[in-house]
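> Since each chain comes alone in its own frame, lean on the hints to assemble the complex.
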Amino acid sequence: MARRGFVLAAVLYALVLLAALSAAGFFAALQEARIGRNRAALLRVQAAAASAMSETIAGWDPLSFNAIPAGTAIAPGATSAPGVALSVEVRRLSDRLYLLRTTARDSGGGAGRTLEQVVRLRGLDVVPRAAVRARSADSVAAAALSGADQNPAGWDCPATHDTVTALMAQPSATDSVFYRFGDRDWASVTAWAVAVGGGSDSIEVRLAAGDLMLSGVRYLGVLIVNGNLTMSGGTEVVGIVLVRGWVRLEGAGGTVRGSVVASQLIAGQGYTPAAPAVVYSSCAVLRAGLAHAYPEGLVGFPPWSVF
Amino acid sequence: MRPRAVMRARGLTLVECLVAFVVSSVLVAAIDASLVAGQRFAHLSAAARSARQNLRAAAAVLRGELESVSPAADLVALADSAVRLRALRAAGVVCAVSSPGTVVLDDSRFSQLRTADPARDSVRVFVERDPFTASDDGWIAAAVLAVRRASCPGGAAATALTLGAAPSDLAGIAPGAPLRVFELVEYRRYRDAAGAWWLGIRNASSGGWSAMSPVAGPLRPAAGLVFRYVDHRLLPTGVPDSVALVEADIQIYDARRLSGPGRHAAPVVDSFTLRVATAEP
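Chains as they are written, first to last, in numbering that gives the first Met the number 0: chain B, 0 to 306; chain Y, 0 to 280.
Simulated from the structure, these hints should not be mistaken for laboratory data.
This structure is a prediction, so every number in the text was calculated from the model and none was measured.
Hints may contain errors.
[What the hints assert, rightly or not] Take a look, some chain B residues computed to stay more than 10 angstroms from chain Y by CB distance:
id, residue
1, 50
2, 62
3, 82
4, 128
5, 170
6, 172
7, 194
8, 215
9, 293
[What the hints assert, rightly or not] Stretches of chain B that chain Y covers, calculated by requiring three or more beta carbons in the stretch to come under 8 angstroms of a beta carbon on chain Y:
id, stretch
10, 5-18
11, 23-29
12, 235-248
13, 273-285
14, 295-302
[Stated by the list, open to error] Not everything, but these chain B residues come out facing chain Y in the computed CB check (under 10 angstroms):
id, residue
15, 107
16, 111
17, 119
18, 122
19, 126
20, 217
21, 218
In this text, a Cβ means the ideal position worked out from N, Cα and C, and glycines have one as well.
Next comes chain Y alone, as it looks inside the complex (with noise of 0.2 angstroms):
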C-alpha cells in the first residue's frame, strides 16, 4: 500500500480545481477586458490623431494661401462654403524687358512655389508711369504667353515670362519692376462620390476648371467647412474689397463609431477655427 501523502501530492481536489478555475477566469477576463479597452483606446488614439494632422493640413494650406492675399486683389467670390481667390505663385523683380511683352526675372529674387504655367498663371505688374508722380503708378495684369530660361543683363541666371496685354500696358514695364504671378482657385467643402464631404481644391485653366482634388477630410457631413468675412470693425462682410478677416471653421470627421476610457461609442470629430488676417496695407 502506497503512503497516503504522495497519493494526496498527485491529485487536486475539488475545491482546488474550482479555486484555479475561478482564479484563472478572472484572470482571462481582466486580460480580455484589458485588451478589448486597449484595443479600443488604440483606435481612438488612432482616430484622433489623423483628425488633428488633418486639421493642421488644411489651416496650413488655407492659412499659406490667405495670408498673402490681397483682398481688393486677389479675394473673387465669397460663400460660407468656399472661397475663390488668385493664390500666389511666384513674386520676383524684373531685372530686364528683352523684348515688349517679354519680362525677364532673376531667379535669386524670383519666389516661385512651382514654375509658372501658361495654362493656369496670370501675372500683375507694378509699372510707375511718371517718375514724378506716384499719382499713376498701378498694377496692370496680363496673361502668361510663355516662360523660358534666361538670363539677367549681369548674367544671373533668370526666367522669362511671355506676358499678353495691351501694348500700352507692356510698354511701361521696366526693370525694377515688381512682379507677381497669380492661378485663380477655389477652396470649397464638397461631396465624393462614396458621401463623405472634403475640403477640396480646384483651379481654373485655359480649358475650364479642373475636377475637385481633396485637400483635407473628411469633414463632418454638410458643415464641416464654414468660412466667414469679417471687416476691420469685425462686422461680417460679403464685399472682397472689405475683409480684414477670414475665418474657417473646420470640423474633421471620422465616422465610425469608436469609445474609449470615459466615452461612449461615436463618430470621432476634432475642430479648428483658423484666423487669417489679410496682409494689406
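So that you can see chain B by itself, here it is in the shape it has in the complex (with noise of 0.2 angstroms):
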C-alpha cells in the first residue's frame, strides 16, 4: 500500500516546478546581464567616438589638416580606448568646411558607432576685398595699386576672373569698423598671432609688438604690425598685412601680394617703385588667411551618429 502513495510523485513534481521556476529566473538574470554588458559596450563605443571626435577638433593640426585639398580625405590616428578600435576621418568639403567621422568598435566584435561633425576653420578674414583698405593714402602709392587679382607665380590656384578695388579709402571709418576682420577686432587678431605664430612654418604668422622696417626681404604669410611699417629694397610679401599705423614706401619700395589694411599708406621721399607696391591675390589672401586656422563646430549642425 505505501508503493502506491502519491508523496513521492508529489515532491517530484514540486521540485520539477522549482527547477523550472529557478531557470526562469536564471534565463531572465542572464538576459539582463547579457543586456547590461551589450548596453555597457555601446557606452564604450560611444564614448570612444565622442572622445577622438574632441580629440581630433582640440588637436587640430593646421600643417596637414589645412593644407588637404578640397573634396580629399586624410585619417590621422587617434588615442586608442581599452577594447575598442579606433578610426578617425578628416574630410575637406570646401575651403572652409570639413567634415569628421569618428568610427569605434568594440573588439568583442558586437558593438559599434560612427559620429560625424562638420566644422568649419575660423581663419582671418579680410573683407571688403580690395589691394589696399586705408583710411587716406597719397597719390603716387594710390597709384602703385592694382586690383586686378593675380596668382603669385608658381602657386597652385584657381584661376582668377575678378577685379577688386585697388585701393578702398575709409577716411571716417571709426577703429571698431575699420579694424574689424570677421568677427575678430584688432586685439582678438594680435592675441591670434601670439597664439599661433613664431613656428618655422612655410605660411608664418608674424606679430611685430612696434614699428617694423623691412628691406629687401621676403616672406610669405601673415605679416601684422603694432605699428608702423617701412618698406623697402624691394621686399616681396605674399599674403596678407594689417598695420596698425601707416605704410610707408621708401626707395624701391617693395610688392605685396596679397592684401593690406592700414591706417596711411605714403610714398616717402625718392621712392621709385620697380613694380606695382600691391597687386591684389584672392588666392594668397585666402591660403594666409586660413593656413592657421583652428575649426569650430558649425552651430545648427551638432554631430550625430550615422544611422
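See the structure below:
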C-alpha cells in the first residue's frame, strides 16, 4: 500500500516546478546581464567615438589638415581606448568646411558607433576685398596699386577672373569698424597671432609689437604690425599685411601680393617703384588667412550618429 | 485461523491514517503555497521585465532624437507633457548641383534613417556665400519636393533632392555643402480610447498632423512622462534657444495588482530619468 502513495510524485512534481522557476529566474537574470553587457559596450564605443571627435578638433594640426585639397581626406590617428578599435577621417569639403568622421568598434566584434560632425575653419577674414584698405593714401602710393586678381607665381591656385578695388579709402571709419576682420577686432587678431605665430611653417604668422622696417626680404604669410611699417629694397610679401599705423614705401619700395590694411599708405621721398606696391591676390589672401586657422563647430549642425 | 501478523500487515490503524492524512495535507498545502507564490513571482518578474524593456525603448527613442538637435534650430515647442522638434532623418554632403534647386548627395556619405519623404521632410543646407569671410555663411531652409536616384560627377551612386526655396537662396548651394533632412515630430504623453496613457509620437505632413502612435507604455496615469528643460546654468527654461539639457521622467505602469515576496499587491511601476545634453557647439 505504501508504494501506491502520492507523496513521492508530489515531491517530484514540486521539484520540477521549482527547477522550472529557478531556470526561468536564471534565464531572466542572464538576459539582464547580457543586456547590461551590450549596453556597457555600446556606451564604451559611443564615448570612444565622441572622445576621438573632441580629440581631433582639440588637436587640430593646421600644417597637415589645412593643406589638404577640397574633396580629399586624410586619416589621422586617435588615442586608442581599451577594447575599442578607433578610426578617424578628416575630409575637406571646401576652403573652410571639413567633415569629421570617427568610428569606434568594440573589439569583441559587437557594438559599433560612427559619429560625424561638420566643422568650419575660423580664419582671418579680410573683407571688403581690396588691394589696400586705408583711411588715406597719397597719390603716388595710390598709383602703385593693382586690384586685378593675380596668383603668385608658381602657386597652384584656381584661375582668377575678377578685379577688386585697388584702394578702398575709409577716412571716417571708426577703429571698431576699420580694424574689424570678420568676427575679430584688432585685439583678438593680435592675440590670435601670438597664439599661432612663431613657428617655422611655410606660411607664417608674424606679429611685430612695434614699428617694423623690411628691406630686401621675402615673407610669406600673415604680417601684423602693431605700429608702423616701412618697406624698401624690393621687399616682397605674399599674403596679408595688417598695420595699425601707416605703411611707408621708400626707395625701391616693395610688393605685397595679397592684401593690405593700414591706417595710411605713404610714398616716401625718392620712392621709385620697380613694381606695383600691392597686387591683389585672392589665392594668397585665402591661403594665408586659413593656413593657421582652427576649426569650430557649426551652430545648427551638431554632431550626429550615422544611421 | 490466519496468523495475527499477516492481518496487521494488510491494514492501517486509525492513527496511521490520521498521520498520513496530516502529512499529506501539509505537503499539499506547502506545494500549493509554493506554486501560488511561484506563479505570483513569475507574473511580477514578467511585469517588471516588460516595464524595464519599455523604459529602455522610451529612453533609447528619446535619446536618439534629442541628442542630435540644435536647440536654436530644432526645438520648436516645449511643454512638460510634450516636446515638438525637428528630428534628424538624414545628413550628408552635396556632391553636385544638377540644376537650380536640385542637389545630389553621395550615398556613401549620406546617412539616412529612411529615404527622404517629400510629404514629411524638409532640409537645411549650409551656404557659404563670400569665400573670403565666414560672417555671411548661414543655413537656408527648404522643402523637399522630390527624391530620385542619381549619381555624383565621379559616378558614385547618389540621391538627388529637388528643393523648394527662394531661387536666390538655392543659387548659393555649392558642392561640399552640408545638408540635414528633418521631420517635424511631437513626442507627448497621451491617453488612448481605453484610458491607458502612452508615450506617443506624431509627425507633421502636408495634410496636417498624423494620429498619435504609441512608442512606449502604458505610462503611470497623468504624470507618467514629464519633460523638463534647463539652460547651461542648470536653471529651468522654456526658451528653445537656451536649452542645454532635456530631462524626461518616465514611469511605466502595469495596472494589474501583483504581489510577490515581501511585496503587497499593487500596480507595477518602474521609472527612469533620462538626461540628454544637447550637442550644440
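> Would you mind marking each hint as holding or not holding in the structure?
Hint-by-hint comparison with the structure:
With a minimum CB-CB distance of about 14 angstroms to chain Y, residue 50 of chain B clears the 10 angstroms threshold, and the non-interface call stands. Every Cβ of chain Y is farther than 10 angstroms from the Cβ of residue 62 of chain B; the closest lies at roughly 21 angstroms, confirming the non-interface assignment. For residue 82 of chain B, the requirement that its beta carbon stay farther than 10 angstroms from each beta carbon of chain Y is met, with the minimum near 23 angstroms. In this structure residue 128 of chain B is not separated from chain Y by more than 10 angstroms, as the shortest Cβ-Cβ distance comes to only about 6 angstroms.
Residue 170 of chain B, annotated as away from the interface, keeps every beta carbon of chain Y farther than 10 angstroms; the closest lies near 23 angstroms. The claim that residue 172 of chain B is not at the interface with chain Y holds, since no C-beta of that chain comes within 10 angstroms of its own (minimum 17 angstroms). Its beta-carbon lying about 18 angstroms from the closest one in chain Y, residue 194 of chain B satisfies the requirement of being farther than 10 angstroms from that chain. The Cβ of residue 215 of chain B sits about 30 angstroms from the closest Cβ of chain Y, beyond the 10 angstroms cut-off, so the non-interface label holds.
Listed as a non-interface residue, residue 293 of chain B keeps its Cβ farther than 10 angstroms from every Cβ of chain Y; the least gap is roughly 13 angstroms. Proximity of the stretch 5-18 of chain B to chain Y, defined as three or more residues with a beta carbon under 8 angstroms from a beta carbon of that chain, is established by the 8 residues found. As drawn, the stretch 23-29 of chain B meets chain Y at 3 residues by the rule of a beta-carbon pair under 8 angstroms; at three or more, the given contact holds. Coverage of the stretch 235-248 of chain B by chain Y is violated. Counting CB-CB distances below 8 angstroms, 0 residues qualify, and the rule asks for three or more.
Beta-carbon proximity to chain Y at under 8 angstroms applies to 3 residues in the stretch 273-285 of chain B; the threshold of 3 is reached and the given coverage holds. Three residues within the 8 angstroms Cβ limit are the bar, and the stretch 295-302 of chain B against chain Y gives 8, so the coverage statement holds. At a threshold of 10 angstroms, the smallest CB-CB gap from residue 107 of chain B to chain Y is about 21 angstroms, leaving the interface hint violated. Because the closest C-beta pair between residue 111 of chain B and chain Y is about 14 angstroms apart, greater than 10 angstroms, the hint is violated.
Given the 10 angstroms rule on beta carbons, the hint for residue 119 of chain B holds: about 6 angstroms separates it from the nearest Cβ of chain Y. Because the smallest distance between the Cβ of residue 122 of chain B and any Cβ of chain Y comes to about 7 angstroms, under 10 angstroms, the interface hint for this residue holds. For residue 126 of chain B, the interface hint holds, since its Cβ comes within 10 angstroms of a Cβ in chain Y; the closest pair sits about 5 angstroms apart. Violation of the interface hint for residue 217 of chain B is found here, the shortest Cβ-Cβ separation to chain Y being roughly 24 angstroms, above the 10 angstroms cut-off.
Because the smallest distance between the Cβ of residue 218 of chain B and any Cβ of chain Y comes to about 21 angstroms, over 10 angstroms, the interface hint for this residue is violated.
Going down the numbered hints, you'll see the structure goes against 4, 12, 15, 16, 20 and 21, while the others check out.
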